[in-house]
Every structure is written in structure tokens, then in C-alpha cells.
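Protein chains in written order, with our numbering: chain A, 522 to 657; chain D, 522 to 657; chain R, 4 to 97; chain U, 4 to 97.
It is possible that some hints are incorrect.
[To be verified] Below are the DSSO-like pairs computed for lysine-lysine, each with C-alpha atoms no more than 30 Å apart in a straight line:
no.: 1; chain 1: A; residue 1: K561; chain 2: D; residue 2: K643
no.: 2; chain 1: U; residue 1: K29; chain 2: A; residue 2: K587
no.: 3; chain 1: D; residue 1: K561; chain 2: A; residue 2: K621
no.: 4; chain 1: A; residue 1: K601; chain 2: D; residue 2: K635
no.: 5; chain 1: U; residue 1: K55; chain 2: A; residue 2: K621
no.: 6; chain 1: D; residue 1: K635; chain 2: A; residue 2: K587
no.: 7; chain 1: D; residue 1: K643; chain 2: A; residue 2: K635
no.: 8; chain 1: D; residue 1: K643; chain 2: A; residue 2: K643
no.: 9; chain 1: D; residue 1: K587; chain 2: D; residue 2: K621
no.: 10; chain 1: A; residue 1: K621; chain 2: D; residue 2: K587
no.: 11; chain 1: D; residue 1: K635; chain 2: A; residue 2: K643
no.: 12; chain 1: U; residue 1: K29; chain 2: A; residue 2: K601
no.: 13; chain 1: D; residue 1: K643; chain 2: R; residue 2: K55
no.: 14; chain 1: D; residue 1: K561; chain 2: A; residue 2: K601
[Stated by the list, open to error] In silico negatives: residues of chain D with every beta carbon more than 12 Å from chain R:
no.: 15; residue: M522
no.: 16; residue: D534
no.: 17; residue: H599
Calculated directly from the structure, the hints in this document are not laboratory data.
Just so you know, these numbers come straight off a predicted model, no measurement behind them.
Ideal Cβ positions, reconstructed from N, Cα and C, are used throughout, including at glycine.
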Amino acid sequence: MIVLTDQPIAVADVIAAVQSDRAGAVDVFIGVVRNRSQSKNVVRLEYEAYEAMALRKLRELAAEAKMRWPVEEVAIVHRKGVLQVGEVAVVVAVSTPHRKEAFEACQYLIDTLKEVVPIWKKEVYEDGETWIAAHA
Amino acid sequence: MIVLTDQPIAVADVIAAVQSDRAGAVDVFIGVVRNRSQSKNVVRLEYEAYEAMALRKLRELAAEAKMRWPVEEVAIVHRKGVLQVGEVAVVVAVSTPHRKEAFEACQYLIDTLKEVVPIWKKEVYEDGETWIAAHA
Amino acid sequence: MIAKTPDNATQPAACRVRIALFGVTKDIVGQSEISRTLPQPATVAALLDDLKAAYPRLSGLSSLAVAVNNDYADAAYCLRENDEIALIPPVSGG
Amino acid sequence: MIAKTPDNATQPAACRVRIALFGVTKDIVGQSEISRTLPQPATVAALLDDLKAAYPRLSGLSSLAVAVNNDYADAAYCLRENDEIALIPPVSGG
Chain A
522 MIVLTDQPIA VADVIAAVQS DRAGAVDVFI GVVRNRSQSK NVVRLEYEAY
572 EAMALRKLRE LAAEAKMRWP VEEVAIVHRK GVLQVGEVAV VVAVSTPHRK
622 EAFEACQYLI DTLKEVVPIW KKEVYEDGET WIAAHA
Chain D
522 MIVLTDQPIA VADVIAAVQS DRAGAVDVFI GVVRNRSQSK NVVRLEYEAY
572 EAMALRKLRE LAAEAKMRWP VEEVAIVHRK GVLQVGEVAV VVAVSTPHRK
622 EAFEACQYLI DTLKEVVPIW KKEVYEDGET WIAAHA
Chain R
4 MIAKTPDNAT QPAACRVRIA LFGVTKDIVG QSEISRTLPQ PATVAALLDD
54 LKAAYPRLSG LSSLAVAVNN DYADAAYCLR ENDEIALIPP VSGG
Chain U
4 MIAKTPDNAT QPAACRVRIA LFGVTKDIVG QSEISRTLPQ PATVAALLDD
54 LKAAYPRLSG LSSLAVAVNN DYADAAYCLR ENDEIALIPP VSGG
């Protein structure tokens, strides 16, 4: 399951997508819109994606994770469009036979997603807005 | 939310329990009953807990995680009793402002849970059964 | 001159404790709770020696800890009759 | 004797490319897509130089990559008229 969506993400569906009888461990990362950033109150977020390339890059990341770790299944769902504080922006779920690899693969996926996948976040504050550059 | 239960675990409820407007990151570990262990087909699992001590130890672990990392909320739910293959045995969820700490705290919690919390797993195979000792 | 109180005047010569059993220790002993009478000082180490003598298969476990009042107790801890005591074989939660 | 074909006989003297813009680059340029005509060889490096000259605020970004046909392209990559080209300012997904 590799999806960009403008609808709220159903986390349970993403987790269900990685279920496997051979997998004893699932690690799930959930990125949520915070109410504070850059010492300002965030009113809302806007995510813009270069959709064809973003999907291609996400599929590449999933394939890389499966090469590097004994991963059973990977699911990545990322929001686009306007999000309110508290909404889920991204979910990454990984299933593996044992837990250590689930944590490693999941952290690799979200870290690398933030570095290479062409998605841009604009934070809208009470008194302005700005496109965010990842800390890298 | 620190719970031992003989009922199926609703993962979405555990995740909801750690939500916080200040938390941008949630990491969730889900332990699932596998169909193979010790090179045998697992028919079912039975978890036995020393309940009062297990709950005390889980609360101590949650408090330790909050001291060591900037954790907003911790939720740990562990099953007891009889489980079938594919059922969720444990869910650990941690919310933090940023993602690195969510992964670290979640992994610490499940690793330490497996070392110190008095819960015992009996695997039942087609031709026998055995109490499992953690790999430690 | 007042006679000096002997060191053991305030404690009985033996201590009767009840021990809760779980997992493989329950299978080895064949009960979920047992009582043992230990001479003073009734340390955790003395309890473990007593139980391993009575149930030799306990010695075959890769670890065997004692919990007192819901926390792990070290070998020198002195048990009392009202303590909530449990044997903790290797755990395997998660 | 047949005259030797010049090296550039099969390619026109200039290359017209369309570039998709996202995020802050769309704000800087003021459009979601632009066309530029580049002399040959129309490398990624030449495109970036051309765009930074035309839109100096692009030089202020902490990074600016070029994607060709949905993958990152390096500076020496030679663009063609039908390539799907995009500017990639610092990403911030997740």
C-alpha cells in the first residue's frame, strides 16, 4: 500500500495492510500536525506533492527496505492538501519476523522519505506562512 | 493507558490514548502471534501474567521512558490468556514532539518489557507445548 | 544491671512464607502456591536454596528470581511472614 | 568522397524544455510551469544556471535539484525536449 491521499488517513487500514502470518513484529510511525512550529502557532498545513515522482520514490524506498531487512510488508500513506492541527500527515508501517528489523526499517523509511520524496509542507500561522525545508 | 486484558486489543484505541497536540510523532510497536516458532507450527499461545507485579513494572517502565526522553504519552496493552495465530499480543505506543525520540522510547519499552515484566508465554504446537524463555 | 537482649529476641526462630508460582515453576512444583518454613535469617538466597533442594528441576532454569511485594528482591533480602512472595522464572512477554 | 557529418548534425542548436514548479519555487517564479530555451548541450547544470540568472531568489534556497522523468538527475545529464522536468526545492514531507 503506497498512497498519496487528500482524505483523512485511517491508521488501522494501513496497519492491516502489512499483516502477515510470518510477521511477529509490526512497527508503525505516525506523523501528526503539531500546534507549534518555529515558535509560532500553526493554524493549518498545506502539503503539495509532485505526485508521479513521489509515488515512484516511495515505491523505491519500500523496495530498498525489503532488500536491506527481512521485511514482509511495507505500507506508506501520505496526506496532501490542507491539514488541521492533530491530523495524521503520514503513516509508515513495516512488518518483519522479529522486532529489531521492524524498528530499523521503519525509521529508515521515514528518515529517507523526509530527505528524498518530493512533497512540500507549507505552515500557515496566524500572521503569515512559510514553505518548510526539512532539517536534513 | 497501562492494561493487561484477556480481550482482543483494539490497536486504534491504544494509538488514540497517546494523542497530544504537542506531539508530532507517534511510534507504535505491535507484537503478533506467528505461525512458526522453534521450527514448529504454533497452534495457539497462552500468556500467564503475575498481574499485580506486571502492572507495577509496566507503570515503572512508562515513568522511566518519560524521564529519559521528552515523551508526551505512553500506552502499553498486553494480552493474557489464550491467543490464536495472527492475534495481537502486545501494543506499545509512544508520542513525542519529534520522531527520533519516539522510536528510541518505543524500542526501549518493548525491549525492557521482554526482560523484566513477569509475563510468561506458552507455545502450543501440534505435538506438545513449551514455556518460552526470552532470548534476553 | 539489666541483661542484654539477645539479637534474636524480637524474631521467631523460623519464618513461614507462602510463594506464588507461575509458568514453568508452577509446572515443576505442581501447584500455583506453596508454603515453606525457613530458619532465620530467611533470606531470598536461603529460600532459593531450600526450593532447589526440594524441587531439583528448578536448578535447570536459565534464571530464577524472587519477587517480594511486587518488585524484584536481591539475594540478601530478609523475608517476613506477611510478604507477598513469587518465584519469577525467565519471562517471555511481548 | 562523402563529407563527414558534423557532430551536432542530429541535434538542433537549441533545446526548448518545460519545467514543472512546486512549493517555494512556484512562489518565486510565480507560475506552476515555465518554458526555457537552452543552447546545446542542455545539461541540468546549464538549466539551473539559466533559471538562477532569470530568478535570482532561486539561488537563496538551501538546495535545488532537478528531476527528469520522475527521478533525480545529476548536473551533467543532457535534457531533451520531451523530458518531464521539475525543479525540486528542499523537500519537507512527513
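Consistency of the hints with the structure:
Distance check on the hinted pair: A:K561 and D:K643 sit about 52 Å apart at the alpha-carbon level, beyond 30 Å; violated. Distance check on the hinted pair: U:K29 and A:K587 sit about 35 Å apart at the alpha-carbon level, beyond 30 Å; violated. Using a Cα cut-off of 30 Å, the hinted pair D:K561 and A:K621 holds, with the two alpha carbons roughly 22 Å apart. Straight-line distance between C-alpha atoms of A:K601 and D:K635 comes to about 38 Å, which puts the hinted pair past the 30 Å bound.
Taken as a hint, the U:K55 and A:K621 pair is broken in the structure, with Cα atoms around 46 Å apart against an allowance of 30 Å. Taken as a hint, the D:K635 and A:K587 pair is honoured in the structure, with Cα atoms around 26 Å apart against an allowance of 30 Å. With a C-alpha separation of about 41 Å, the suggested pairing of D:K643 with A:K635 is violated against the 30 Å cut-off. Between D:K643 and A:K643, the direct Cα distance comes to roughly 51 Å. Violation of the 30 Å bound is thereby established for this hinted pair.
Between the alpha carbons of D:K587 and D:K621 the distance comes to roughly 14 Å, so the proposed pair stays at or under 30 Å and holds. Of the pairs offered as hints, the one joining A:K621 and D:K587 holds, with about 22 Å between alpha carbons and a cut-off of 30 Å not exceeded. For a cut-off of 30 Å, the pair hint linking D:K635 to A:K643 is broken: about 41 Å separates their Cα positions. The straight-line distance between the Cα atoms of U:K29 and A:K601 is roughly 17 Å, inside the 30 Å bound, and the hint therefore holds.
For a cut-off of 30 Å, the pair hint linking D:K643 to R:K55 stands: about 23 Å separates their Cα positions. Straight-line distance between C-alpha atoms of D:K561 and A:K601 comes to about 45 Å, which puts the hinted pair past the 30 Å bound. For D:M522, the condition that its CB be more than 12 Å from all CB atoms of chain R holds, with the nearest at approximately 17 Å. Every C-beta of chain R lies more than 12 Å from that of D:D534, the closest at about 19 Å, which supports listing it as non-interface.
A Cβ of chain R approaches the Cβ of D:H599 within 12 Å, the least distance being about 6 Å, so the stated non-interface status is violated.
The structure shown violates the earlier hints numbered 1, 2, 4, 5, 7, 8, 11, 14, 17.
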